[in-house]
Amino acid sequence: MTDSRSHPGRAGDVAVDDAIAHQLERIIRRVKQSMNYRGSYSTRDILGSLVARWIQSGEWDRLKQLPDDQRHLGESVRRFILDRLDQLRRRGRREDFADAIVTLPDDHALAEIVELAELRGWIAHRVGELCNGVVDARVRVPVAQPAETGAILQLHLAGKTQREIASARKISLGLVNKRLAEGTSYLAVLQGIERGLL
Amino acid sequence: MTEPATGAPGAEAGAEAAVEAGAEAGAEAGTIEAALDEIGRQPAGAWPAALRARFPDDPALARQLLAWLHAQRGAAAAPDRGAALDASTRYELGVELDAGATATVWRAYDRKLRRDVAIKVFDPGSSPALDAILGEARAACEVISEHVVRVLDVHDAEPPYLVMELVGEHELRTGALQIGASAATCRPRDLWEAVRWVRDVARGVHDAHLRNVFHRDLKPHNMLITPISRRAKIADFGLAVSNAGQAAANTRSGMVVEVGTGRIATRIAGTPAYMAPEQARGLSITLDPRDPADRATLAGVDIWGLGAIAHDLLSGRPPWRAEGGLELWEVAAAGAPPPALDRTPHGERIPLRLRKIVDRALAIAPADRYASAGELADELQAVLAWRPTSFDRTPARRAALWAKRNPQLSVTAVVAVVLAAMSLAAYATLLHLSDQRAALAAEMQADKDRFAERTRAAQHELATTEANLHTQTDSLRALQHELAEAEDDYHAIVQAKEQALRNANVATRALATVRGDLDIAEKARDLYESFWTRARKEAEDAERDRDAARAERDAARTASDAARTTSEQAIKDRDAARSASARAEHERDDARVERDRDAAARRQAEAEVARLLGELSAALGARSAATPPAAQGSASAPVAPPAKPAAQGSASAPVAPPARPAAQGSAPAPVAPPARPATPPAAAASPIPPAATGSTPGLPARPPAPPAPGKPAPATGAAAAASPPPATPPASPAPAPPKDAAH
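Protein sequences, first through last, are from chains A and B. Under the numbering used here, the first residue of the first sequence is numbered 1, with each subsequent residue one higher. Under the numbering used here, the first residue of the second sequence is numbered 1, with each subsequent residue one higher.
Quick caveat, the hints were computed from the structure, so don't treat them as lab data. All C-beta atoms in this analysis are idealised placements derived from N, C-alpha and C, irrespective of residue type, glycine included. Keep in mind that a hint or two might mislead.
Only some residues are given here: those of chain A computed to face chain B with a beta carbon under 7 Å [claimed, not checked]:
{"hint": "1", "residue": "Ala137"}
{"hint": "2", "residue": "Arg140"}
{"hint": "3", "residue": "Ala188"}
So here's chain A without its partners, still in its complex pose (with noise of 0.2 Å):
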């Protein structure tokens, strides 16, 4: 192997690819985070999903509006959590959350779940656009099959074990996890695409 250290250019070289690992990773992560979704679930997944909900709601693309001082992010999210909850608790026993406050993370946390939640709408959006066989242009790495990789990917999404899958699309266990592999990958690179770092 030849050594980075002894040449200059090769030290920017690892430089500038150890920045962009780093951010690949992190891009990785987050896209793997956001799909991986029957890992262990913590608080912060569930304040996750109430937060993905609130996006859909509508009320994010308003208050991205506002300027930052007048968005009151927590106190929207807190609101709606609130009421959700209150749905919750009309479905089956819970104790009663009646005049309760829901006291959120700080804002960065917040802004980071909610960043995670918008990942996952990007995430179902794009997969969605494989299940009917669009693969953006911009990917230049070949998706052999992507509406059988936008179907599974869907259907991981929604729950499925790998096992089910394979039943479901009565295709082997091995093509599942490689189209998982191969949709990740897919996403992941649109993602850095979309985020300027490829």
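Dock chain B against chain A, hints included.
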């Protein structure tokens, strides 16, 4: 003209360009795939340089490929972590076993202890806090159980990682190490293996609870199955609670909900598809395993997790499924009962007792679940060993389980019971048969007596019948005798009638002879002829009566024959014979009456003849008194035919006697018609008085005739006297004509 010429080449050029572009794209795709395949085999650290060297003029493509490779690799920083681990000189990383959102599990080799281990390397950016990693390691280390994956070491510097027991076994023949897999991918072969796995995990959870460690994230993915012995172990104590301090340390990621004036900090953690309802609603972040109430809460969550594992392994599905637009954790928090178990994915029907156990473990209210994981394990062990569970309380159920548990003893007992029952049944059958035989013999004896009695009665009846038959035969013979007598009577009557006819004929001839001799007796002769004709007619009637009597006699004979042939009809035949006999007697009586009537008619005719003879004699006397003495000298002459009146002029001629046939001997000759006078005499010349002539058709009343010799007098003499003149000649022989007249 030029457009086609120019257009066609343009289109061709476009098509060619498209084909070329497609070919180029295909070539590029092939090139990219080949590059990915080739570079992907190299170490991840060499990927950037290799990509730059492969695509020196297309750095954007190289970056895309680098991102693609990293995404497929699993974790972009793994080489760095591997390098760091390698630098520690103790653990040598091998293949990647599993990858999650925050960590990756590798197979590694412990150079110091020379053994294979599994290392869970946490991602630097997304890994939990170091104290959480240490908490997981401490919790796992606390538990000593064969059903829990042991934690061997922990590294709390960058990169943080846990060293764990590698769940693997060596093949007996080759010695090759086989790595176990999670229950999410290594599914149970059948229902009982699933039960065994849940039992093993329940034992491990119980051992953990005994060490104040509560897992809170039990699911098939956290169950590792040994490849050969196929035993289950619990792994991943990342969300475990082992002391209050650790729980409090996680408040940073918790959601605090203020209720009323108090403040309750809750934390929702776990896997939504396998969460307990109370877990999905949020557990307090201050749960202390040393507090009994908190212990019960945490144990209830783990028992639910065991039930959720059982539900997944038995049915192939987790208890919660997203529905109605709800997230999984929202469905879990709603607290609706999970779907009921019915059959395994292989089609096996899940036993009811097992379903009850799982249902109790998955009770919505924590208080309704098992009190401990050990109790659940015991229940599952009871199911596996066919021992009674808490639901099997009836003696019958327990007996059935005992039979299942002890099949040989059960079979022996069943055979013994069956043999005893068969013996008893045979003995009872023998007794029953004996009773039946005695009853049958008594019944046969009674039947025999009854038959003997009936035979005697039948014989008696037969004798009586025979006697009756003899009596009837005798009666029949008497009837036949009577019939024969009646027939003889008939013959006698007929003969008498014939004789009477003959006598009548003789008398008629005699009378005719007399009348032939006497002109005066011409009318008398006519009358006699009419009488004779009527007598003939009556004789014919008598003959018809005789024929009718014969027909009746034949009918009586037929009836007699019928009576002989059928003894059963003897009585009826006898009655018929009697009636026939009665009819015959009646006919006989009628015939007798007829005979008497004929006799009376004959006597009447004789009386008439006598009267006529008397009148004739008187007339002859008067004539002789009126005739000259010369003529008187011939008074002694035999009766001559009436003389012609004197007015005829031939009074001197003597009355010539009627011509008699020369052949007339002793037999009476047929009566010759008397010679008619040449001229009819005047009315005064008629020798018959007017009174007599006036009653020519009807004869004067006749004196009653004496009864025929040997025959009884008719009972209806008065009626016979009042009846019209008989048509038959008299039965008795007519009296011989006076000799005077004969001469």
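Going through the hints against the structure:
1. Ala137: With Cβ-Cβ at 11 Å, over 7 Å, it is violated.
2. Arg140: Hint on A:Arg140: holds, closest Cβ of chain B at ~5 Å, below 7 Å.
3. Ala188: Hint on A:Ala188: holds, closest Cβ of chain B at ~4 Å, below 7 Å.
Violated hint: 1 only; the structure is consistent with all others.
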